[in-house]
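Asks: Here is how the chains run, residue by residue.
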Amino acid sequence: MSDVAERVKKIIVDQLGVEEADVKDDSNFIDDLGADSLDTVELVMAFEEEFGLEIPDEEAEKITTVKIAIEHIQKALNG
Amino acid sequence: MSHRIVVTGLGTVSPCGNRVDQTWDNIRNGRSGIATITKFDASTYTTQIAGEVKGFDPADFIDKKEIKKMDVFIHYALAATKEAMEDAKLTISEDFAEEVGVSIGVGIGGLPNIEYYAGVLKERGPSKITPFFIPMTISNMASGYVSIEFGAKGYNATTTSACSSANHSIGDAARIIERGDAKVMIVGGTESTICGMAIGGFGAMKALSRRNDSPETASRPYDQGRDGFVLAEGCGILILEEYEFAKARGAKMYGELVGYGFSSDAYHITSPTTDGPARAMKMALKDAKLDPSEVDYINAHGTSTPAGDINELKAIKLTLGEENAKKVSISSSKSMTGHLLGAAGGLEAVITLKAMQEGIVPPTINLESPDPECDLDVTPNHAKKREIKVAMSNSFGFGGTNATLVFRKI
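Each protein sequence line maps, in turn, to chains R and G.
With my numbering applied, the first sequence corresponds to residues 1 to 79, in that order.
With my numbering applied, the second sequence corresponds to residues 80 to 489, in that order.
Wrong hints could be hidden among the right ones.
Unchecked claim - Below, in silico cross-link-like pairs of lysine to any residue (SDA-like), each with a Cα-Cα straight-line distance of 25 angstroms or less: (1) R:Lys10 x G:Asp136; (2) G:Lys147 x R:Asp57; (3) R:Lys75 x R:Gly52; (4) G:Lys148 x R:Asp57.
The hints are simulated quantities; they were obtained by calculation from the structure and are not laboratory data.
Keep in mind that this is a model prediction, so the values were computed, not measured.
Turn these sequences into a full structure, and let the hints guide you.
Replies: Written as structure tokens, this is what we have:
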């Protein structure tokens, strides 16, 4: 488990008010973790804040699961 | 065709307590809820005092994840509505959900977050504005969240008329029941604007008391030393029900809402006329089919401003006639709570109905040297026992708007 993955999961727990055990790699924010469309926008903003990134809207729309979020952020950090 | 309307539940969050019993106990005993501002650093403002709600934890009422999506005026509305619904022993079921409406008055709305996100926009740009900014700040969202939380599927809107928002909400909601469009209406007012924009804005109008060294005595309606109102926050909620509906389910009834009157001064944005409030009160009495001699108690608008307080007393004399006006008990509970703006009429309706239930007229505190023009019984400093069969509650707002409610004991 990378440091990025842990930080991503912590943000999801805080933002969506879910249990850590429920946040699995393949969890979909809307289908599995009870988020609505506004929650997902705010979630991406929280990722941007935590990792000092700018995630364009067209990229943000593709971030629908925990795994995709982690991969996207790792890629962006590695430039 | 006209249906009777009764009040079956009360709820409040106020500077004098976070429930009805605690608030009423403090009001009855003349205890002020005004203190030095803690919500932000007000040390550079000419006014540094307010009626803040104390020890309120939204997590007691709202899912943790939802709390940050709402400005505080919505938190208060959800908390006070929960208390009022429990008090009314009312659970909304599918068979009448479409006949339950929500109309919670709000004077301003989510000003603290408007102020905060204006800073975010300026300093960090539009991409840093939360997607919840609009729904957390718009004024009808108190009604919106309450309808979602409690499953009310009928009317869903808000009234906004500055400091008379709650009275308009209650009166207009009664009309909705009267014409048969609802059986139950969740009504009142909620407000939470204690932030730099409000203290600064009202301060610039020279509308606020500057008695910073003595917060508890700052709100002093009818006293010669009054120097403006004290900004406060909170919420007052009533459950209004059509009489037969309430009776059929064995609901307790605090009183009947028998009269609603409204008027516009059509004169000035902030300076009042005497005729305007008098017309609202006369209309409310006419609606109630009551004689001016029958009014026992008036919960005054009485905000502790130099012009407004005496003007209202003159309007009362114009409405009731000199002789009746001398016999009526009047008080300003704002002397203890401060001024809750759009929520004022909601809290004051709660106080008026508790006064009626217990036969106790709450006091106007801090009345040390009455204004020579204060020639009516404003219940100085101590509550008094009096049977209250008919009570009136006034609210007036910027824009020259006036709204009066009349309640009668059942």
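Asks: Looking at the structure, which of the earlier hints fail to hold?
Replies: As far as the earlier hints go, not one is violated by this structure.
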